[in-house]
Amino acid sequence: MKNIKNVSEPFVRIAKRDDMPFGKKLLVRLVAVLLSLIVSAIIIFAITKYNPVTVYVTMFQGALGTRTRVWSTLKEMFLLTCIAVGLAPAFKMRFWNIGAEGQVLVGGIVSAGCMIYLTGVPSVALFAIMIISSVLIGAVWGLIPALFKAKWNTNETLFTLMMNYVAIQLTSFVVSKWENPYGSNTVGIINQNTRIGWLPALFKQQYLLDLLMVIGLVIFMYIYLTKSKHGYEIAVVGESENTARYAGINVKKVFIRTMLISGGICGFAGFLAVSGVSHTISTSTAGGRGFTAIIVAWLAKFNTFTMIVISLLLAFLDNGAAEIASKCKLNDYASDMIIGVILFFILGSEFFINYRLIFREKSGKEGK
Amino acid sequence: MNDIAISLKGVTKVFGETVANRDVTMDVKRGEILALLGENGSGKTTLMNMLSGIYYPDAGTISVDGNPVDIRSPKDAYELGIGMVHQHFKLVDVFTAAENMILGVETKERFDRKKVYADMNEICEKYGFDINPEQKVYDMSVSQKQTLEIVKVLYRGANILILDEPTAVLTPQETEKLFNVIRNMKENGKSVIIITHKLHEVLAISDRVAILRKGEYIDAIETKNATEAVLTEMMVGKKVELNIERPEVKEKFKRLEIKHLNCVDADGIRVLKDINFDVYSGEILGIAGISGNGQKELLESIAGLQLVSPDSSVVYFEPKEQEESQLVGRTPKQIRDLGVHLSFVPEDRLGMGLVGSMGMSENMMLKNYGEAKGVFTDLKRPKALADQIKEDLEVVTPSLNTPVRKLSGGNVQKVLVGREIAANPTVLMTAYAVRGLDINTSYTIYHLLNEQKKNGVAVIYVGEDLDVLVELCDRIVVLCGGRVNGILDGRTTTKEEIGLLMTNLKEEEN
Chain A
1 MKNIKNVSEP FVRIAKRDDM PFGKKLLVRL VAVLLSLIVS AIIIFAITKY
51 NPVTVYVTMF QGALGTRTRV WSTLKEMFLL TCIAVGLAPA FKMRFWNIGA
101 EGQVLVGGIV SAGCMIYLTG VPSVALFAIM IISSVLIGAV WGLIPALFKA
151 KWNTNETLFT LMMNYVAIQL TSFVVSKWEN PYGSNTVGII NQNTRIGWLP
201 ALFKQQYLLD LLMVIGLVIF MYIYLTKSKH GYEIAVVGES ENTARYAGIN
251 VKKVFIRTML ISGGICGFAG FLAVSGVSHT ISTSTAGGRG FTAIIVAWLA
301 KFNTFTMIVI SLLLAFLDNG AAEIASKCKL NDYASDMIIG VILFFILGSE
351 FFINYRLIFR EKSGKEGK
Chain B
1 MNDIAISLKG VTKVFGETVA NRDVTMDVKR GEILALLGEN GSGKTTLMNM
51 LSGIYYPDAG TISVDGNPVD IRSPKDAYEL GIGMVHQHFK LVDVFTAAEN
101 MILGVETKER FDRKKVYADM NEICEKYGFD INPEQKVYDM SVSQKQTLEI
151 VKVLYRGANI LILDEPTAVL TPQETEKLFN VIRNMKENGK SVIIITHKLH
201 EVLAISDRVA ILRKGEYIDA IETKNATEAV LTEMMVGKKV ELNIERPEVK
251 EKFKRLEIKH LNCVDADGIR VLKDINFDVY SGEILGIAGI SGNGQKELLE
301 SIAGLQLVSP DSSVVYFEPK EQEESQLVGR TPKQIRDLGV HLSFVPEDRL
351 GMGLVGSMGM SENMMLKNYG EAKGVFTDLK RPKALADQIK EDLEVVTPSL
401 NTPVRKLSGG NVQKVLVGRE IAANPTVLMT AYAVRGLDIN TSYTIYHLLN
451 EQKKNGVAVI YVGEDLDVLV ELCDRIVVLC GGRVNGILDG RTTTKEEIGL
501 LMTNLKEEEN
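Taken in sequence, the protein lines are chains A and B.
The first sequence begins at 1 in our numbering and counts up one residue at a time.
The second sequence begins at 1 in our numbering and counts up one residue at a time.
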């Protein structure tokens, strides 16, 4: 007969888990964060010999230590949230909008243009014009790939991605045109003395109005996606185009309508970034947030309220890490490394929420 | 050497909280044909996957020729002489038969075409296969692909063959051919385990029948002592009435008139060629044919989901006034807006008929969510409907909000059929309505269709089980190569007649 190999049972096997109760999920995630902090601490100590606790305290202070820093973290958070909210309907429709970066930039360009050229317009009208025009241009930026997808079934991932480069080139062009002071190759702070076109402070808080507007958007988008007919159509199209056609949904119409909304909100984020935050325009106005927001939208599983939490976490890490870099004389890469470790553990914890490990001994021991 | 080829002791496999196999202890003898019988979800395939190295048991031992073994991968299984032919073929389309056969066999020699062809021909001759080593897989019929899968397994020296529902895709003639091959393999001392849930096939081919129910091994009996009724009772756990009714409806009216229906698919292939037939109220019209011969396109053309040639015509006759309306050129929504109550249970339940990530309630409003006033959806009515369907059809679901994707196949189908019937159809189209369903659910579906027929609904039933088609349908349209190759009377025809029409085009291609 054949030679019988007496191989032993595999050392570790992976098995799918049933749904975990909410509390346990939360616990797993907390343990993940804790573990990531411990691992980072070991790395920090091994490389720099700093006391990890000091480093973490520095990090916390960097993100939330003073009122200014709190607002700086919040500012980062609401920009990210705003873009993620814009991406949510597109991604829920399984329309891979990688073009938020560009949509934000064109919105920013238009806002900056209004601030430069429309200084004579009364401020309420000016803001109305800025918001409407930046939303419109963002919507157009989203519409173009949607039209091509609806008409010729082009690949929206590549299309939206390439639209980013068009937007970046456009930005370079307007920067050279609006250069101030001459020769600096930057636009500088627009209307620094008159503050025309700057979103006004509310209760003496520079960014409070921005924050409130974004929270408004979060609530709107949550209701739009979960309660409205449009939201239902988006969910059906995202699940299966065949089911959508079977249900009598006009798939092309939904593509176009949803991308108008998605691009529009990203354009609005461009307005916020320019008029509400930086008061200038440059190729780094979007600053990669268009891509980071994709992570936010997915991690939040399209729940817009969860997006706030995730954006806050990312903003906290970002600002905290920057502080370590300068205070502890570590360079940016070291802080990026810490962010990487933390994100790795948080994402990795999802694996343990969905699967469990079975080790050899046949005792049915479970992974973490 | 004893006569036991494989013996399983206390084999258990668990997926999450679902126990697929619990403490299964059974033997497979050398040189026997063992039928493994059980309803869907009874764990037949999981058990066989543990023999072929796809899964690893959580507990229990497997012995081959009396020696306990660990089968960690399909490669281990082959080395032990166990080979499995899966329900879904695992072949490389652009390779030839011979290339597929040697794929994955580790040898130091270079690819010697002549020797491989000779080996292949030798196997074919020995067991009575008919296969051309140079034919590409994409040119093969389903039956040929299956033959190739079996040859592939034999080439690797398998002594124990596992065939997972091999007849599901075959015509009666092809099935007979396959059975002859299986008998030849038995004569050559091979053990064959055949998974099926067609009882008459079990009785025709096997020596012994082993029965699983809900993952547990019930018993094995000699086939010569078995009858369909005994097997069903063992399988289901209670007595089941195995007769399909065919009630008579006196008054029949023409409901659909299909004329010159032509359809060209995206690749420019004519998938429907000049289809002509009528559909009447109060009858179940069966549609038979080998899978992929235009059934899907036919139903989708009627439902407004398929682009058809401009001269095609599908006329709908409204039941009260016999008012005519043309359905060709309209979208599903436009058809609905005409007042045509066309219900459609598509083949792809979760990819077309339902939204897998949504619960029962939200799926209920898939077709009429637009009727709610204002911009918001109204979940109240769908919820009430879902509740009713859950009760009436005994749908097993943790809650009305559980994603339907997580339900078992039978429950998914109940949700879909329930919704479509609740829409008060005048035409009800079903594609493979009982595919993958257990006996009880299947009979529930037959009963529901008969109820609709008695209510004067025109029912179209696309099916693959010819026994059922012959028992259930009033008339049967046989499709072959996108054509209507005959319309038979369900009361007088035989499944052999249907089988012949499914494979042989009567008229010449024009």
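Keep in mind the hints are simulated off the structure, nothing from the lab.
The reader is advised that the hints may include incorrect statements.
To be verified - Label-pair ranges, simulated between beta-carbon atoms:
no.	chain 1	residue 1	chain 2	residue 2	range
1	A	L158	B	G292	24 to 34 Å
2	B	D337	A	I223	56 to 66 Å
3	A	K16	B	G292	31 to 41 Å
4	B	D311	A	L158	34 to 44 Å
5	B	G268	A	L30	34 to 44 Å
6	B	D348	A	I196	54 to 64 Å
7	B	K406	A	K177	50 to 60 Å
8	A	K16	B	K75	41 to 51 Å
9	A	F220	B	R270	44 to 54 Å
10	A	R29	B	G237	56 to 66 Å
Glycine residues also receive a C-beta, built at the ideal position from the N, C-alpha and C atoms.
Results for each hint:
no.	hint	verdict
1	L158(A) / G292(B): 24 to 34 Å	holds (33 Å)
2	D337(B) / I223(A): 56 to 66 Å	violated (28 Å)
3	K16(A) / G292(B): 31 to 41 Å	holds (32 Å)
4	D311(B) / L158(A): 34 to 44 Å	holds (39 Å)
5	G268(B) / L30(A): 34 to 44 Å	violated (58 Å)
6	D348(B) / I196(A): 54 to 64 Å	holds (58 Å)
7	K406(B) / K177(A): 50 to 60 Å	holds (57 Å)
8	K16(A) / K75(B): 41 to 51 Å	violated (24 Å)
9	F220(A) / R270(B): 44 to 54 Å	holds (50 Å)
10	R29(A) / G237(B): 56 to 66 Å	violated (43 Å)
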